Amino acid sequence: MAQLIGGLATSHIPAIGGAIHKGKQNEPYWKPFFDGFPPIHQWLDQVQPDVVVVFYNDHGLNFFLDKMPTFAVGAAAQYSNADEGWGIPTLPPMQGCPELSWHLIRELIAKEFDIVTCQEMLVDHACTLPFKLFWPQHEVAPVQIVPISINTVQFPLPTARRVYKLGKAVGEAIKSWDSDKRVAVMATGGLSHQLEGERAGFINKKFDLQFLDSMETNPEWATQFSDLELVEKAGTQGVELLMWLAMRAALTAASSGVRKVHSNYHIPISNTATGVLALETV
Amino acid sequence: MSPTIPGTTPFDGGMAQKGYALNKMCFSFNHKENRDAFVADPEAYMRRYGLNPQQAEAIRSKQVLALLDAGGNAYYLAKFAGIFGLDMQDIGAQQTGMTKDEFKAKLVAANDQC
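Sequence order for the protein chains is A and B. Under my numbering, think of the first position of the first sequence as 1, with each following residue one higher. Under my numbering, think of the first position of the second sequence as 283, with each following residue one higher.
I should point out that these hints are in silico values taken from the structure, not numbers from a laboratory. Because the structure is a prediction, the values reported are computed rather than measured. Hints are not guaranteed to be accurate.
With a straight-line cut-off of 25 Å between C-alpha atoms, the simulated DSS-like cross-links for lysine-lysine are [what the hints assert, rightly or not]: (1) A/K205 - B/K386; (2) A/K22 - B/K300; (3) B/K344 - B/K306; (4) A/K205 - B/K344; (5) A/K24 - A/K111; (6) B/K314 - A/K206; (7) A/K31 - A/K206; (8) A/K24 - B/K386; (9) A/K165 - A/K181; (10) A/K168 - A/K181; (11) A/K260 - A/K165; (12) A/K31 - A/K260; (13) A/K206 - B/K386; (14) B/K306 - A/K67; (15) A/K67 - A/K165; (16) B/K382 - A/K24; (17) B/K386 - A/K31; (18) B/K300 - A/K67; (19) A/K132 - A/K181; (20) A/K165 - A/K111; (21) B/K314 - A/K67; (22) B/K386 - B/K344; (23) A/K31 - A/K132; (24) A/K132 - A/K260; (25) A/K31 - B/K306; (26) A/K181 - A/K260; (27) A/K175 - A/K111; (28) A/K31 - B/K300; (29) A/K24 - A/K175; (30) A/K168 - A/K24; (31) B/K314 - B/K344; (32) A/K165 - A/K22; (33) A/K111 - A/K181; (34) A/K22 - B/K306; (35) A/K67 - A/K111; (36) B/K314 - A/K22; (37) B/K344 - B/K382; (38) B/K388 - A/K24; (39) A/K205 - B/K388; (40) A/K205 - A/K31.
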């Protein structure tokens with residue numbers, strides 16, 4: 001059976017794409033963020049995942065309000081990035097893993113998750129940038145991916161509790177995949193930030209640190225909050241922490257606890273309190 | 283009981299209906315040829331997408347709070363802002379009535395929260 005080796009999480013701010021493109025990693029503004037990654041690079045060199053299941057939120061590249069899935073699972077052999085309208089560089093396509101996609105789809109539907117399946121799916125910076133952060137030496141990260149998009153555009157969002165259950169079911173499905181592949185789960189987004197309204201620039205450090213702590217020791221902690229309570233505590237885009245919750249829940253299927261490989265928290269990049277995390281199943 | 287959050291309008295079904303035409307136009311700005319067509323003739327482009335008078339006025343004003351009030355969604359409006367080279371701190375400053383430097387200082391000050 002496939003091995004679920006651990007989980008990764010990082011913020012996915014578009015400006016990071018520009019910073020990488022222009023080689024600004026060591027400039028004072030960017031260094032405290034990029035410094036969060038080298039210990040995770042070393043770990044990834046050791047554990048070498050073959051496939052990464054990515055929980056991310058589409059920012060209006062693939063999905064529009066005409067058809068807005070709450071949960072969408074990629075089932076493509078290849079995923080392309082495309083122009084998102086604000087001039088960040090378009091990254092090369094990433095290889096999919098249709099075999100795992102369809103295994104996940106079968107298992108999730110059997111467990112009553114009525115997901116949308118996508119044989120064509122453009123992936124935006126939220127899916128592509130993290131691979132440049134975690135595998136910076138590679139033009140294209142040496143892994144196959146299965147993207148899972150969770151709606152954060154239109155309310156109501158899926159509840160945190162539902163997202164947790166989805167993540168757990170994904171973890172169980174990975175564990176039951178008849179394959180010798182090594183699989184990691186990844187979350188992208190967060191932590192607290194709000195782009196719009198008079199409350200723009202909202203950051204909640206205390207909540208973020210509590211949330212980061214819960215990832216290690218109390219993974220269900222954030223499931224107590226409704227979607228609007230998460231907006232109140234983390235900001236309108238801070239709700240992206242739902243991705244982290246799904247990632248962490250997946251790991252519960254593989255081990256009762258986790259070992260923290262490394263984490264980093266830095267305020268601000270763009271308008272965002274950034275978080276980075278790697279957890280290993282034990 | 284859902285919290286009321288100051289300075290925040292969650293983009294729910296009501297907003298998604300109200301802002302549909304505006305957001306659909308902004309979604310089209312993923313493509314360069316559409317951005318170019320908008321810049322060449324904004325009024326004609328807005329008519330093509332059926333923006334109502336409030337939405338059209340908000341687009342003309344380039345004021346994010348007015349665009350939000352007209353039903354705009356942050357994720358799609360970001361593509362409109364991109365046409366003018368505005369980044370998230372320009373937009374944050376505009377919405378909070380600060381200069382960009384003041385807004386950036388406010389973000390950095392979040393480090394002192396605890």
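Checked hints:
Of the supplied pair hints, the one linking A/K205 and B/K386 holds, its CA atoms being roughly 16 Å apart against a limit of 25 Å. With a C-alpha separation of about 40 Å, the suggested pair A/K22 and B/K300 falls outside the 25 Å cut-off, and the hint is violated. Between B/K344 and B/K306 the CA atoms are separated by roughly 17 Å; this keeps the pair inside 25 Å, and the hint holds. Between the alpha carbons of A/K205 and B/K344 the distance comes to roughly 31 Å, so the proposed pair goes past 25 Å and is violated.
For the hint pairing A/K24 with A/K111, the CA-to-CA distance comes to about 45 Å; that exceeds 25 Å, so the pair is violated. Between B/K314 and A/K206 the alpha-carbon distance is near 41 Å, which puts this suggested pair outside the 25 Å criterion. For the proposed pair A/K31 and A/K206, the alpha carbon gap of about 23 Å is at most 25 Å, so the pair holds. Between the alpha carbons of A/K24 and B/K386 the distance comes to roughly 19 Å, so the proposed pair stays at or under 25 Å and holds.
Proposed proximity of A/K165 and A/K181 is supported: the alpha carbons are some 24 Å apart, at most 25 Å. A threshold of 25 Å between alpha carbons decides the hint, and for A/K168 with A/K181 the separation of about 19 Å falls inside it, so the pair holds. Our distance criterion of 25 Å between C-alpha atoms is met by A/K260 and A/K165, whose separation comes to about 22 Å. A distance of roughly 22 Å separates the Cα atoms of A/K31 and A/K260; the hinted pair therefore holds under the 25 Å criterion.
Taking the CA atoms of A/K206 and B/K386, the gap is about 20 Å. The hint holds against a cut of 25 Å. Restraint check for B/K306 and A/K67: satisfied, since their Cα atoms lie roughly 12 Å apart, inside the 25 Å limit. Distance restraint check for A/K67 and A/K165: the Cα-Cα separation of roughly 23 Å lies within the 25 Å cut-off, and the hinted pair is therefore satisfied. Restraint check for B/K382 and A/K24: the C-alpha separation of about 21 Å stays at or below 25 Å, so the hint holds.
With a CA separation close to 17 Å, the supplied pair B/K386 and A/K31 stays within the 25 Å bound. A hinted pair counts as satisfied when its Cα atoms are at most 25 Å apart, and B/K300 with A/K67 qualifies at roughly 16 Å. Taken as a hint, the A/K132 and A/K181 pair is honoured in the structure, with Cα atoms around 22 Å apart against an allowance of 25 Å. This hinted pair checks out: A/K165 and A/K111 have alpha carbons roughly 10 Å apart, not beyond 25 Å.
As the CA atoms of B/K314 and A/K67 are separated by approximately 23 Å, the hinted pair is consistent with the 25 Å bound. Distance check on the hinted pair: B/K386 and B/K344 sit about 21 Å apart at the alpha-carbon level, within 25 Å; holds. Under the criterion of a C-alpha separation no larger than 25 Å, the hint pairing A/K31 with A/K132 is consistent with the structure, at around 15 Å. Between A/K132 and A/K260, the direct Cα distance comes to roughly 21 Å. Compliance with the 25 Å bound is thereby established for this hinted pair.
Taking the CA atoms of A/K31 and B/K306, the gap is about 37 Å. The hint is violated against a cut of 25 Å. Taking the CA atoms of A/K181 and A/K260, the gap is near 22 Å; set against the 25 Å cutoff, the hint holds. Using a Cα cut-off of 25 Å, the hinted pair A/K175 and A/K111 holds, with the two alpha carbons roughly 15 Å apart. Of the pairs offered as hints, the one joining A/K31 and B/K300 is violated, with about 42 Å between alpha carbons and a cut-off of 25 Å exceeded.
For the hint pairing A/K24 with A/K175, the CA-to-CA distance comes to about 39 Å; that exceeds 25 Å, so the pair is violated. Proximity of A/K168 to A/K24 is assessed by CA-CA distance (about 37 Å); at most 25 Å being required, the pair is judged violated. Restraint check for B/K314 and B/K344: the C-alpha separation of about 19 Å stays at or below 25 Å, so the hint holds. With a CA separation close to 40 Å, the supplied pair A/K165 and A/K22 exceeds the 25 Å bound.
Only pairs whose Cα atoms come within 25 Å are accepted, and A/K111 paired with A/K181 is accepted, the gap being roughly 23 Å. Proposed proximity of A/K22 and B/K306 is contradicted: the alpha carbons are some 32 Å apart, above 25 Å. Between the alpha carbons of A/K67 and A/K111 the distance comes to roughly 23 Å, so the proposed pair stays at or under 25 Å and holds. A distance of roughly 22 Å separates the Cα atoms of B/K314 and A/K22; the hinted pair therefore holds under the 25 Å criterion.
Distance hint between B/K344 and B/K382 is fulfilled; the C-alpha atoms sit about 16 Å from each other, no more than 25 Å. Annotation: proposed proximity of B/K388 to A/K24 holds, straight-line Cα distance about 23 Å (limit 25 Å). For the suggested pair A/K205 and B/K388, the alpha carbons sit about 13 Å apart, so the restraint of at most 25 Å is met. Restraint check for A/K205 and A/K31: satisfied, since their Cα atoms lie roughly 20 Å apart, inside the 25 Å limit.
Hints 2, 4, 5, 6, 25, 28, 29, 30, 32 and 34 from the earlier list are contradicted by this structure; the remaining hints agree with it.
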